[in-house]
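Colleague: So the chains spell out like this:
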Amino acid sequence: MKEDRRVFSLIEITQSLRSVIERKYNSTYWIKAEIAKLNFYPRSGHCYPEIVEKVNNKVQAQIRCTIWGSNYQKINEEFLKTVGEPLKEGTNILFRASISFHPVYGLSLNIVEVEPSFTLGEMAREKQKTINKLQEENLYEKNKKNVIALLPSRIAIISVETSKGYNDFLKILNNYPRKFSIKHNLFPAILQGEKAVETVTAQLREINKQSDNFDAIAIIRGGGGDIGLNCYDSYQMAKEVATSPLPVITGIGHSTNETVVEMIAWENKITPTDVAYFIIQKFEDFYSRLEKCKKSLIFNSEKYVNNEKNTIKHLWGIISAHTSNKIQYQQYHITNIYKNIKNKSLELIKHQKTSLSNIAEKILQSPVKQIYGRQSELILYNKLINSLTKKQIKIEKDKVNILKNRTEQLNPEKVLERGYSITLCNNKRITSTDSVKPGDTIKTILHKGKMTSIIKTK
Amino acid sequence: MTKSIKYSQAIEELENIVNDIENENISLDDLTEKLKRASFLIKTCKKALFNTEKEVNSILNEMNEESNEEDT
Amino acid sequence: MTKSIKYSQAIEELENIVNDIENENISLDDLTEKLKRASFLIKTCKKALFNTEKEVNSILNEMNEESNEEDT
Amino acid sequence: MTKSIKYSQAIEELENIVNDIENENISLDDLTEKLKRASFLIKTCKKALFNTEKEVNSILNEMNEESNEEDT
Amino acid sequence: MTKSIKYSQAIEELENIVNDIENENISLDDLTEKLKRASFLIKTCKKALFNTEKEVNSILNEMNEESNEEDT
Amino acid sequence: MTKSIKYSQAIEELENIVNDIENENISLDDLTEKLKRASFLIKTCKKALFNTEKEVNSILNEMNEESNEEDT
Amino acid sequence: MTKSIKYSQAIEELENIVNDIENENISLDDLTEKLKRASFLIKTCKKALFNTEKEVNSILNEMNEESNEEDT
Numbered sequence: 001m002k003e004d005r006r007v008f009s010l011i012e013i014t015q016s017l018r019s020v021i022e023r024k025y026n027s028t029y030w031i032k033a034e035i036a037k038l039n040f041y042p043r044s045g046h047c048y049p050e051i052v053e054k055v056n057n058k059v060q061a062q063i064r065c066t067i068w069g070s071n072y073q074k075i076n077e078e079f080l081k082t083v084g085e086p087l088k089e090g091t092n093i094l095f096r097a098s099i100s101f102h103p104v105y106g107l108s109l110n111i112v113e114v115e116p117s118f119t120l121g122e123m124a125r126e127k128q129k130t131i132n133k134l135q136e137e138n139l140y141e142k143n144k145k146n147v148i149a150l151l152p153s154r155i156a157i158i159s160v161e162t163s164k165g166y167n168d169f170l171k172i173l174n175n176y177p178r179k180f181s182i183k184h185n186l187f188p189a190i191l192q193g194e195k196a197v198e199t200v201t202a203q204l205r206e207i208n209k210q211s212d213n214f215d216a217i218a219i220i221r222g223g224g225g226d227i228g229l230n231c232y233d234s235y236q237m238a239k240e241v242a243t244s245p246l247p248v249i250t251g252i253g254h255s256t257n258e259t260v261v262e263m264i265a266w267e268n269k270i271t272p273t274d275v276a277y278f279i280i281q282k283f284e285d286f287y288s289r290l291e292k293c294k295k296s297l298i299f300n301s302e303k304y305v306n307n308e309k310n311t312i313k314h315l316w317g318i319i320s321a322h323t324s325n326k327i328q329y330q331q332y333h334i335t336n337i338y339k340n341i342k343n344k345s346l347e348l349i350k351h352q353k354t355s356l357s358n359i360a361e362k363i364l365q366s367p368v369k370q371i372y373g374r375q376s377e378l379i380l381y382n383k384l385i386n387s388l389t390k391k392q393i394k395i396e397k398d399k400v401n402i403l404k405n406r407t408e409q410l411n412p413e414k415v416l417e418r419g420y421s422i423t424l425c426n427n428k429r430i431t432s433t434d435s436v437k438p439g440d441t442i443k444t445i446l447h448k449g450k451m452t453s454i455i456k457t458k
Numbered sequence: 001m002t003k004s005i006k007y008s009q010a011i012e013e014l015e016n017i018v019n020d021i022e023n024e025n026i027s028l029d030d031l032t033e034k035l036k037r038a039s040f041l042i043k044t045c046k047k048a049l050f051n052t053e054k055e056v057n058s059i060l061n062e063m064n065e066e067s068n069e070e071d072t
Numbered sequence: 001m002t003k004s005i006k007y008s009q010a011i012e013e014l015e016n017i018v019n020d021i022e023n024e025n026i027s028l029d030d031l032t033e034k035l036k037r038a039s040f041l042i043k044t045c046k047k048a049l050f051n052t053e054k055e056v057n058s059i060l061n062e063m064n065e066e067s068n069e070e071d072t
Numbered sequence: 001m002t003k004s005i006k007y008s009q010a011i012e013e014l015e016n017i018v019n020d021i022e023n024e025n026i027s028l029d030d031l032t033e034k035l036k037r038a039s040f041l042i043k044t045c046k047k048a049l050f051n052t053e054k055e056v057n058s059i060l061n062e063m064n065e066e067s068n069e070e071d072t
Numbered sequence: 001m002t003k004s005i006k007y008s009q010a011i012e013e014l015e016n017i018v019n020d021i022e023n024e025n026i027s028l029d030d031l032t033e034k035l036k037r038a039s040f041l042i043k044t045c046k047k048a049l050f051n052t053e054k055e056v057n058s059i060l061n062e063m064n065e066e067s068n069e070e071d072t
Numbered sequence: 001m002t003k004s005i006k007y008s009q010a011i012e013e014l015e016n017i018v019n020d021i022e023n024e025n026i027s028l029d030d031l032t033e034k035l036k037r038a039s040f041l042i043k044t045c046k047k048a049l050f051n052t053e054k055e056v057n058s059i060l061n062e063m064n065e066e067s068n069e070e071d072t
Numbered sequence: 001m002t003k004s005i006k007y008s009q010a011i012e013e014l015e016n017i018v019n020d021i022e023n024e025n026i027s028l029d030d031l032t033e034k035l036k037r038a039s040f041l042i043k044t045c046k047k048a049l050f051n052t053e054k055e056v057n058s059i060l061n062e063m064n065e066e067s068n069e070e071d072t
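Protein chains in written order, with this note's numbering: chain A, 1 to 458; chain B, 1 to 72; chain C, 1 to 72; chain D, 1 to 72; chain E, 1 to 72; chain F, 1 to 72; chain G, 1 to 72.
These are computed hints drawn from the structure, not numbers from a lab.
A virtual CB, placed ideally from N, CA and C, is assigned to each residue, including glycine.
Check each hint, because a few of them may be wrong.
[What the hints assert, rightly or not] With a cut-off of at most 30 Å between alpha-carbon atoms, the simulated DSSO-like pairs for lysine-lysine come out as follows:
#, chain 1, residue 1, chain 2, residue 2
1, A, K88, A, K145
2, C, K6, A, K397
3, G, K34, A, K295
4, D, K54, A, K350
5, A, K394, C, K36
6, D, K34, A, K342
7, F, K43, A, K309
8, A, K313, F, K54
9, A, K295, F, K47
10, E, K54, F, K43
11, A, K369, D, K54
12, F, K43, G, K43
13, G, K36, A, K295
14, E, K43, F, K34
15, C, K46, A, K394
16, A, K390, C, K47
17, B, K36, C, K43
18, A, K353, D, K34
19, A, K399, D, K34
20, A, K383, C, K46
21, C, K34, A, K397
22, A, K88, A, K164
23, F, K6, A, K303
24, G, K36, A, K292
25, B, K47, B, K36
26, B, K34, C, K34
27, A, K37, A, K58
[Claimed, not checked] Heads up, incomplete: computed chain F residues facing chain E, CB under 10 Å, no partners named:
#, residue
28, S27
29, L35
30, K36
31, A38
32, I42
33, K43
34, K46
35, S58
36, L60
37, E62
[Stated by the list, open to error] Taking CB as the label site, the calculated pair distances span:
#, chain 1, residue 1, chain 2, residue 2, range
38, E, E12, A, K339, 17 to 23 Å
39, C, D30, A, S421, 17 to 23 Å
40, G, D29, E, E22, 26 to 32 Å
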């Protein structure tokens, strides 16, 4: 042992640490971390969670915490109320804590307050991550694409025998008045909390192996309230549901947001009762289709026969009516023809009479007209001859008169009457003194008497 | 005039006479003769017309009577 | 003058005489003769005309009377 | 008239006569003859019409009686 | 009438006769003959109609009785 | 009727007859024959209907009885 | 072939028959046969609805055989 060595007692050291830490970290701090182990002691009511921070799933920091019984109850209630889950391992939380050092128990964080909304956000992020992954892998719609049997008569049920939901489901099926042939096998599993993912996934795998024996899978839960449902947001369980060759019907029964499993299930009916009714409805649908067919057959077969009876009656009605009409029409037609023949014949005779009497009338009138024409022609000739004859006589008369006048003018007696005389020389009429010489004897003829003279001079 | 002179011939002769007179183709010496002929022809035609009229009227009357009988 | 001289011949002779007198120198004795002949011919023609007119009128009157009789 | 003259021929002949008279294609000398012929033809046609009418009526009546018998 | 004249042919012939008379395609000389033929055809048709009517009625009555039996 | 005429054929033939009668494609001469045929076809159809109705009723009654058993 | 496929085929066949009868797409001659088939199909389907699996299987086999027989 060396002299210069300073040796402290453990108490000294731990007290020194304690005073340094208490001096240095004299406030409270907001810290986010994951609960690795809850370490709740129900008897004392105290809780000593181990909290860690992981990077790539490796623990990078770890510390022990304390939530005193008086705080824990309040914190947990508030957390449950907001998040829908109690504080439990694997939950990321945001909390306020003071840092303390105890000589016996060492360093620990004393949690005085937890912020539930942080956890809620973290969970929503996780849920969205699951959805995104399913969508990326084309699994999101996969189960919905399954075709459910027309009569889903063999149902694989994932539930717990003791659960209220399962019992409700059975009650509906068993008490339904129509005894449909619906058969069901129970595949027990834990339906909420941390172990649910594992057990439910395992049973899904089991059912899928013998999928030929079933028509549908029903995941039924009920009576557990809204707590511990975030297992249904887990990628692991959701993937198993999505890839099942059978249609999965969920009846998990809660009032908060739809979980991922419900979202991707073939059908989400929420309550187990609804799932039962849903299956029954398929049978009812089929039943009513049958009944509808039956009713239609009864109604329409009779109607068909009756229609045919009416058709025949109708056809016969037309045939007999037309036949009678035809005969009546022909009778009428013949009567018409007779009337026509009668009228036309009489008309023809009448027309002939008229044209004959027209001809007769023309003949009666024409000769008389002609005779009148001839008579007036004769009168015309008569008048013409009359006037022409008279005219000719007058012309002849005029001619004779003209000749008479001319003759009279040529007679010398007329000239002599007015005192003229005719002188003759040698018995020739002289008209000039050139034809005589003095001494010639000339004879002068006067109107009354003649005389002879001798010319003395010229 | 004998019956051998037809009405139509008589009218033709009359027309010729009228023409001759009109065109002074007849001497006064022949005028009287021609006029006498014309007078004769006109008389003849009138007689013929008169006779025809009588005959026609008798035929027409007969026809009329008949048709009246039938019509009544 | 015998009846043998026709009106038409008489008119012709008369016209010749008048023409002769008017156009030729005839001796006074001939002239007197010619004028006498002309005077005779004129008389003859007038007689003939007179007779013919009488006859014609009588024929025409007869014709007219007949047609008047028939017309009335 | 012999039965050998058909009504239609008679009517045709009559129409021709009417045309001839109307267009004065007939001399007065033939008028009486034509008129006599026309008169004869008209008589013939009337007789034929009268007989036909009687026969027609008798046939029609017979037809009518029969149809009445059956109708009643 | 022999059975060889069908009703429809008879009616057609009758209609032709009516047309001929209407359009005066028949001379008066043929009218009587045509009418006699028409009379004969009408008689024939009426007989045929009468027989058909009897037969038709008997079939209709028979059928009516049957359907009455069935309806009651 | 032999079983060889089917109801549907009978109906088709009847409809053709109706068409023919309606469109007056049938002369009076053929009317009786067509009516007889129609009458025969109607009788045939009625018989077929009667039999079918009996059979149909028996099948329907059977169906009704069965479902009543199950529902109770 | 699974059972449920058979059910769907059966009800589809049934509904086709029902449609055919409703719309009168079948002749009366086939009505009885179709109705018998429908009755059988209804019976079969009802058994599928209500009975145990074993019974259903035997009926389905029977149905299948029958339809095969009919198809051939």
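Colleague: Hint by hint, note whether the structure agrees.
Modeller: Hints, verified against the model:
{"no.": "1", "hint": "A:K88 <-> A:K145", "result": "violated (36 Å)"}
{"no.": "2", "hint": "C:K6 <-> A:K397", "result": "holds (15 Å)"}
{"no.": "3", "hint": "G:K34 <-> A:K295", "result": "holds (15 Å)"}
{"no.": "4", "hint": "D:K54 <-> A:K350", "result": "holds (13 Å)"}
{"no.": "5", "hint": "A:K394 <-> C:K36", "result": "holds (25 Å)"}
{"no.": "6", "hint": "D:K34 <-> A:K342", "result": "violated (37 Å)"}
{"no.": "7", "hint": "F:K43 <-> A:K309", "result": "holds (11 Å)"}
{"no.": "8", "hint": "A:K313 <-> F:K54", "result": "holds (19 Å)"}
{"no.": "9", "hint": "A:K295 <-> F:K47", "result": "holds (26 Å)"}
{"no.": "10", "hint": "E:K54 <-> F:K43", "result": "holds (21 Å)"}
{"no.": "11", "hint": "A:K369 <-> D:K54", "result": "violated (36 Å)"}
{"no.": "12", "hint": "F:K43 <-> G:K43", "result": "violated (36 Å)"}
{"no.": "13", "hint": "G:K36 <-> A:K295", "result": "holds (15 Å)"}
{"no.": "14", "hint": "E:K43 <-> F:K34", "result": "holds (24 Å)"}
{"no.": "15", "hint": "C:K46 <-> A:K394", "result": "holds (12 Å)"}
{"no.": "16", "hint": "A:K390 <-> C:K47", "result": "holds (17 Å)"}
{"no.": "17", "hint": "B:K36 <-> C:K43", "result": "holds (26 Å)"}
{"no.": "18", "hint": "A:K353 <-> D:K34", "result": "holds (21 Å)"}
{"no.": "19", "hint": "A:K399 <-> D:K34", "result": "violated (52 Å)"}
{"no.": "20", "hint": "A:K383 <-> C:K46", "result": "holds (26 Å)"}
{"no.": "21", "hint": "C:K34 <-> A:K397", "result": "holds (22 Å)"}
{"no.": "22", "hint": "A:K88 <-> A:K164", "result": "holds (25 Å)"}
{"no.": "23", "hint": "F:K6 <-> A:K303", "result": "holds (20 Å)"}
{"no.": "24", "hint": "G:K36 <-> A:K292", "result": "holds (17 Å)"}
{"no.": "25", "hint": "B:K47 <-> B:K36", "result": "holds (16 Å)"}
{"no.": "26", "hint": "B:K34 <-> C:K34", "result": "violated (34 Å)"}
{"no.": "27", "hint": "A:K37 <-> A:K58", "result": "holds (15 Å)"}
{"no.": "28", "hint": "S27", "result": "holds (4 Å)"}
{"no.": "29", "hint": "L35", "result": "holds (5 Å)"}
{"no.": "30", "hint": "K36", "result": "holds (6 Å)"}
{"no.": "31", "hint": "A38", "result": "holds (9 Å)"}
{"no.": "32", "hint": "I42", "result": "holds (7 Å)"}
{"no.": "33", "hint": "K43", "result": "holds (7 Å)"}
{"no.": "34", "hint": "K46", "result": "holds (7 Å)"}
{"no.": "35", "hint": "S58", "result": "violated (19 Å)"}
{"no.": "36", "hint": "L60", "result": "violated (21 Å)"}
{"no.": "37", "hint": "E62", "result": "violated (25 Å)"}
{"no.": "38", "hint": "E:E12 <-> A:K339: 17 to 23 Å", "result": "holds (18 Å)"}
{"no.": "39", "hint": "C:D30 <-> A:S421: 17 to 23 Å", "result": "holds (20 Å)"}
{"no.": "40", "hint": "G:D29 <-> E:E22: 26 to 32 Å", "result": "violated (55 Å)"}
Of the hints listed earlier, those the structure fails to meet are numbers 1, 6, 11, 12, 19, 26, 35, 36, 37, 40, in rising order.
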